[in-house]
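Visitor: Using the sequences and the hints, build the whole thing.
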Amino acid sequence: GAVVSQHPSWVICKSGTSVKIECRSLDFQATTMFWYRQFPKQSLMLMATSNEGSKATYEQGVEKDKFLINHASLTLSTLTVTSAHPEDSSFYICSAKGVGGTTTDTQYFGPGTRLTVL
Amino acid sequence: GENVEQHPSTLSVQEGDSAVIKCTYSDSASNYFPWYKQELGKGPQLIIDIRSNVGEKKDQRIAVTLNKTAKHFSLHITETQPEDSAVYFCAASRTPGGFKTIFGAGTRLFVKA
Chain X
51 GAVVSQHPSW
61 VICKSGTSVK
71 IECRSLDFQA
81 TTMFWYRQFP
91 KQSLMLMATS
101 NEGSKATYEQ
111 GVEKDKFLIN
121 HASLTLSTLT
131 VTSAHPEDSS
141 FYICSAKGVG
151 GTTTDTQYFG
161 PGTRLTVL
Chain A
233 GENVEQHPST
243 LSVQEGDSAV
253 IKCTYSDSAS
263 NYFPWYKQEL
273 GKGPQLIIDI
283 RSNVGEKKDQ
293 RIAVTLNKTA
303 KHFSLHITET
313 QPEDSAVYFC
323 AASRTPGGFK
333 TIFGAGTRLF
343 VKA
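For the protein sequence lines, the chains are X and A, in the order given.
According to the working numbering, the first sequence holds residues 51 to 168 in order.
According to the working numbering, the second sequence holds residues 233 to 345 in order.
The hints are simulated quantities; they were obtained by calculation from the structure and are not laboratory data.
Wrong hints could be hidden among the right ones.
To be verified - Here are the simulated lysine-lysine pairs, DSBU-like style, with alpha carbons at most 30 Å apart:
#1 X:Lys91 to A:Lys254
#2 X:Lys116 to A:Lys332
#3 X:Lys91 to A:Lys344
#4 A:Lys344 to X:Lys70
#5 A:Lys332 to X:Lys105
#6 A:Lys274 to X:Lys64
#7 A:Lys300 to A:Lys332
#8 A:Lys290 to A:Lys303
#9 X:Lys114 to A:Lys332
#10 X:Lys105 to A:Lys303
#11 X:Lys114 to A:Lys254
#12 A:Lys274 to X:Lys91
#13 A:Lys269 to X:Lys91
#14 X:Lys116 to A:Lys344
#15 X:Lys116 to A:Lys290
#16 X:Lys70 to A:Lys300
Guide: Okay, here's the thing in structure tokens:
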């Protein structure tokens with residue numbers, strides 16, 4: 051139980067283009083989803099928190115117009131990196147918390163998306 | 233702000249030996265402490281967690297201990313195997329409610345065969 055998927059697992063794009071990453075909770079309803087960015091050999095850096103049906107809350111220093119987050123349903127959140135540049139290349143990971151049972155307190159992570167911007 | 237310190241950053245052990253990773257948290261209201269294992273190129277996976285009303289929890293070769301007074305918690309892996317090699321993250325949060333989970337910096341564990 052408590053499985054989170056991400057799509058795509060990796061993506062390569064040209065500078066200036068936009069990329070959308072999907073995060074889905076497969077067997078529970080995710081009332082809250084989180085988006086993290088991880089650089090090589092570093093910890094998880096929280097970018098934003100989104101609750102279903104409301105605007106995402108971004109961490110300090112994260113550009114909300116560049117990293118668009120939509121949490122339109124209880125099983126899907128999307129992160130769109132707009133006008134991507136090489137410095138946006140990173141490993142993006144989502145996680146989800148739900149309601150009831152272990153999903154209330156625990157964040158369950160997706161497998162991550164490797165973004166490379168050329 | 234609140235933080236979680238994790239030590240050591242790198243740990244190398246011989247197969248069959250035990251490994252211990254320690255974390256200290258600053259928010260005394262934290263009451264939930266999960267541990268995650270992250271293999272290369274993958275997302276973190278929950279391996280064990282502990283709540284503040286419990287001092288120790290075991291799951292086969294993995295155990296976690298919590299000292300609320302000292303605000304310390306530790307992960308113990310016994311009889312380590314090469315497949316235990318990964319990065320381990322500790323975390324602390326308050327539940328219920330919309331409080332942020334604070335992650336440690338991670339420990340890279342190498343188990344030598």
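Visitor: For Lys114 (chain X) and Lys332 (chain A), compute the direct alpha-carbon distance and say whether it is at most 30 Å.
Guide: It holds: about 19 Å lies between the C-alpha atoms, which stays within 30 Å.
Visitor: Can you confirm whether the C-alpha distance between Lys116 (chain X) and Lys332 (chain A) stays at or below 30 Å?
Guide: holds, 22 Å
Visitor: Just to be careful, I want the Cα atoms of Lys91 (chain X) and Lys344 (chain A) compared with a cutoff of 30 Å; is the pair within it?
Guide: holds, 20 Å
Visitor: Taken at face value, is the distance from the CA of Lys290 (chain A) to the CA of Lys116 (chain X) at most 30 Å?
Guide: violated, 43 Å
Visitor: Quickly compare the C-alpha distance for Lys300 (chain A) and Lys332 (chain A) to 30 Å and report which way the hint goes.
Guide: It holds: about 19 Å lies between the C-alpha atoms, which stays within 30 Å.
Visitor: Starting from Lys332 (chain A), check that the Cα of Lys105 (chain X) is at most 30 Å away, please.
Guide: holds, 17 Å
Visitor: Under the criterion that the straight-line Cα-Cα distance not exceed 30 Å, is the pair Lys290 (chain A), Lys303 (chain A) satisfied?
Guide: holds, 19 Å
Visitor: Need the status of pair Lys274 (chain A), Lys64 (chain X): alpha-carbon distance at most 30 Å?
Guide: holds, 24 Å
Visitor: Holds or violated: Lys114 (chain X) and Lys254 (chain A), Cα atoms, limit 30 Å.
Guide: This hinted pair is violated, its Cα atoms lying about 35 Å apart.
Visitor: Holds or violated: Lys274 (chain A) and Lys91 (chain X), Cα atoms, limit 30 Å.
Guide: holds, 13 Å
Visitor: Does the alpha-carbon distance linking Lys269 (chain A) and Lys91 (chain X) stay inside the 30 Å limit?
Guide: holds, 14 Å
Visitor: Does the structure keep Lys91 (chain X) and Lys254 (chain A) at a Cα separation of 30 Å or less?
Guide: holds, 19 Å
Going down the numbered hints, you'll see the structure goes against 4, 10, 11, 14, 15 and 16, while the others check out.
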